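What follows is the residue order along each chain.
Number of protein chains: 2
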Amino acid sequence: MTDVQKIYPDGRVTLREVGLRDGLQLVKTVPSTQAKQRWLRDEYAAGVRCFEVGSFLPAKTFPQFVDVRDIVATAAALPGAHGIALTLNERGVNEALASGVPEIASVVSATEEHSQANAHRSRDSAIANVKRMCELRDASAHKPIVHAAISMALGCSIAGAVDPNEVIRLVEKCLEAGVDAVGIADTVGYAGPKAVGDLTKAAVKIAGKTPICVHLHDTRGMGIANAAAALDEGARILDGSLGGLGGCPFAPGATGNVVFEDLVFLCESKGFATGIDIEKLVAVRSILRSEMPNEPLYGGLARAGLPCATAAKAA
Amino acid sequence: MTDVQKIYPDGRVTLREVGLRDGLQLVKTVPSTQAKQRWLRDEYAAGVRCFEVGSFLPAKTFPQFVDVRDIVATAAALPGAHGIALTLNERGVNEALASGVPEIASVVSATEEHSQANAHRSRDSAIANVKRMCELRDASAHKPIVHAAISMALGCSIAGAVDPNEVIRLVEKCLEAGVDAVGIADTVGYAGPKAVGDLTKAAVKIAGKTPICVHLHDTRGMGIANAAAALDEGARILDGSLGGLGGCPFAPGATGNVVFEDLVFLCESKGFATGIDIEKLVAVRSILRSEMPNEPLYGGLARAGLPCATAAKAA
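In order, the protein sequence lines correspond to chains A and B. Per this note's numbering: the first sequence = residues 254 to 568. Per this note's numbering: the second sequence = residues 254 to 568.
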């Protein structure tokens, strides 16, 4: 059984690199399996421990994740590394369980409109899938962490504004279903820090001992500010991707996840030790640049480097 | 006499476009006077009211501001528009007074090292200059606002870490000298939101009725998060530049000021009405692109547009 408290301990911040899955969801060129493995290992060497390693969605539609089992194995071979795989249905969950990945994630859309348009099912059906995931977890030998994320939780590209009470209702449904961790995602980067802080506070309150993960996109430049607000309101798990990799189908030209290396800087500046070496992390961008030369990479730390005082302190 | 409360009223947020001065401090190509005037007028039409219009530094060293009087006049011709000009010595102050610009700004370095290296004078001498500015203001007919900004207030490219108590001491000196407004500037974008919030809080407390302006650079991607923290701690005047124009000589490749249009979005998302139309503002970037094709422009709103709900509400 994967111990949630061991992976996501109370009171310390865990940063998750989601570039290997969310970051690759929409890219035109895909890194080779070997490059993905180097990416993961080099970030591990920089101190990163949690990696979204890919998805068990149909390889026909998402060929970039056809090697997900190799990446699961790469993470599994590194002491203390933790892999997370996305699944959206029972077939995917069973494949994920068979792979031995220690965390299985699924998604519930915050709005009925987006659920139907994106996943061709109702939100109730998505919740039923989460419940089934928990049953399959309980019946498995290794009992991976089950994580359910509410997508479009801070604004929906189809329905527009989202009622936070509705998001909290869905969080409750996921908790009732038996999940080990809950995510709230600003999938299309609609929100500012006030909305993110308020929703985080409400989610943390209702989740009690169950960890809340806040997954932010930097679509409108609010990513780091939103992460700061989430931390202020008690979130201790945050997602990001190296170089802010990963666009958005609903906002052409929009950037992807929060820039991972800037997120590390934010956390350290707020007094949360991450165990991650920013300069080593920034150096990993060279893999992305050579494998995906046409994908824009973002980030302040990569441009400007660490402040000289911090560099002096580290030296 | 320029009424500080009319320009910077208590309890509402004032956003200042500093691109026409700070943004142009280091660019390789400079917009024509006509282009600067269109830039200012088009932003005015989008709802912007406060503009740093240039500097009265020697035109030999800073030829990009040789037309500062034209830009002062452009702002003066627009009802409710407010121009601000940078000066660093008595000659500059006298020229600024003669131009009729309604706000004159000067800078005091937070560290002795930076003051000597950058302005070739001690901090005491910089404070004496601020005092002289106030005397010249009092002796003038139109009595412009005198604004003193503490540069490197959140980290120094030469001295490294900066003691916040030292910054507050300098703020006090400026208040004693008789300034109408005080600025604290993260000139090289060293800080995270915790440090910005803490310093803002202390400065707002000591300044009492005197408005505090927070001037942030996005060097390490923290600009918007830092602006959010400054707002949370009571700052009501924030600087930014369209497209984040403006680099930093101490950090090659580093971006400049906080992206103005993203700053507007941040404020609105936090419930602070700015009176600025983001889409109109973003459209002004075309002037910068055509005048300075080699200067990178940044910003989330320009890439992704407004969220659909906001657009629907505005329509």
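Among the hints, a few may not be true.
Repeated chains share a single entry, so a pair holds when one copy, or any two copies, can fit it.
To be verified - Each computed DSSO-like pair below joins lysine-lysine, with the alpha-carbon atoms no more than 30 Å apart:
1) LYS447 - LYS458
2) LYS462 - LYS313
3) LYS533 - LYS447
4) LYS426 - LYS259
5) LYS523 - LYS454
6) LYS523 - LYS458
7) LYS281 - LYS384
8) LYS447 - LYS462
Quick caveat, the hints were computed from the structure, so don't treat them as lab data. In this text, all values refer to a predicted model and were calculated from it rather than measured experimentally.
Verification of the supplied hints:
{"no.": "1", "hint": "LYS447 - LYS458", "verdict": "both (17 Å within a copy, 23 Å between copies)"}
{"no.": "2", "hint": "LYS462 - LYS313", "verdict": "neither (39 Å within a copy, 65 Å between copies)"}
{"no.": "3", "hint": "LYS533 - LYS447", "verdict": "between (33 Å within a copy, 24 Å between copies)"}
{"no.": "4", "hint": "LYS426 - LYS259", "verdict": "within (25 Å within a copy, 52 Å between copies)"}
{"no.": "5", "hint": "LYS523 - LYS454", "verdict": "both (18 Å within a copy, 16 Å between copies)"}
{"no.": "6", "hint": "LYS523 - LYS458", "verdict": "both (22 Å within a copy, 22 Å between copies)"}
{"no.": "7", "hint": "LYS281 - LYS384", "verdict": "neither (34 Å within a copy, 60 Å between copies)"}
{"no.": "8", "hint": "LYS447 - LYS462", "verdict": "both (24 Å within a copy, 26 Å between copies)"}
When the structure is compared with the earlier hints, violations turn up for hints 2, 7 and for no others.
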